[in-house]
Amino acid sequence: MSENQKRYVARSTAIAARALGDELMIMSAISSTLFTLNETAMAIWEAADGATSLEEIVSARICGRYDVVPEVAMKDAEEVVAELAGHGLLLVSPEPIAPAGSPVSKELA
Amino acid sequence: MTALGMEMNAKALKMGIPLSVQLDLTYRCNERCIHCYLDHSDHGEMNTAEIKDLLAQMADAGVFYLTISGGEILMRRDFFQILEYARAKTFCIKLKTNGVLIRAKEAERMRSLGVESVQISIYSHRPEVHDAITKMPGSLRQSIDAMRLLRSHGLHVIIANVLMSKNVLDQAGVRALALELGAQYTVDPTITPMMDGDRSILSLNVDEAALREVFRNESLVGNVEEFCAPPQGADEEALNALPCSAGHTACYVSPYGDVYPCVQFPLPSGNVRRTRFANIWRDSPQLNEVRSITLRDLPSCSKCTHGSSCTRCPGLAYMEGNMRGPSYQDCEKSYARTGIPSENFKAKKAASVTLIQIHGIPSAAPPQISAHSH
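Going line by line, the protein sequences match chains P and A.
So in the working numbering, spot 42 of the first sequence is number 78, and the numbers just go up one at a time.
So in the working numbering, spot 330 of the second sequence is number 571, and the numbers just go up one at a time.
The hints are simulated quantities; they were obtained by calculation from the structure and are not laboratory data.
Small disclaimer: the values here were computed from a predicted structure and weren't measured.
Ideal Cβ positions, reconstructed from N, Cα and C, are used throughout, including at glycine.
Not everything, but these chain A residues come out facing chain P in the computed CB check (under 7 Å): (1) Lys252; (2) Phe305; (3) Glu357.
The following residues of chain A were derived to be distant from chain P, with all beta-carbon distances above 12 Å: (4) Asn288; (5) Glu369; (6) Leu420; (7) Arg457; (8) Pro471.
Put together the whole structure using the sequences plus the hints.
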């Protein structure tokens, strides 16, 4: 995959999240909708630092840990990311996303 | 609560996780509401560092829903420092305020910090009634201005309409105001005793006839026939049921660090200045006693015809002298709903106790009805 096809994902800053056993509860203040993430979705969530591409996350955190075909893992990951991004819980960008509060993000704001 | 929310609550209960905490930052307030149950003097509030440490402990313990209340929360000069820290700890943050000190800057910061909802108490759509209850001239106008600002910043605003004899006729006006502002409306005619046990403010409650009327208002309770259905007694499932979330998945922390099962259940269970929050939650004999009580353990309520449908509040029962006893306020609610008196209600009526004036509304009613007044 070429560099310009990469997607970077970052957790939104104004969200609520808490682990409850083997699940993660997350809620966006915008929609007040509660979600739970299972173990694999949690792995994507935790790795969504804005600097690591989704492709790298799936490769390292999903394919590296679970017995899953890479294409299937990527498709599932894209669905999770699309749903969370749709509710403002994740940011998705073709470029790395600077952490909130950093000089770059302040400039963008 | 959504099905998923209920599922998570059940999971937290099974795991012994304090999913919800109300933290009062201060009892100081710029209003002097006639029905308020608090002592507004500062007897040694936790400082910023203590509160941040507590928030970190609560996050580690698994607290997800954090209600920040008071007193008036914006009387704390460090309020936004605390809010920022709570955001960094990824709580689902709900605020309770009178809104008087909220301007555009405050509304914008609340929005940017991802506050889930802001609840503001409104007693009437008429200034002469609202301001007489808050004892603060101009307070209705300021609260409405705050709600407009919060809404314009996209925040979810909830109007809490506490009903008393002085404002019960204005309930429809407040609902119309909520509609106009795009705010959620909740109503609660439960006036609770003061935290020091003083019950004099209970005389402000709506009378029996007004309460019956509230319970038969379809726009408030939904299906009236269902809401006011005759009681069915308590079956095996009901006898094993837990009374409410207090001490099970929820608790309350005062500005002084005292932990209680609920803001309406003033059973001292520990203090976070002396003991870590998680240790209090897990080991407090008081909280463990509260957790051990099911309907089956309540000598009179387990045999009561309203057993399974009563909204008995263990905190109110505790304030009446026995956490395993009935809560007369809830006996009155059951009577107002169904017209069928409980044995406790009949006994108290016969004894002509002063509690005769107490009225309330079930906390397990449809979504428009909130659990507690404030």
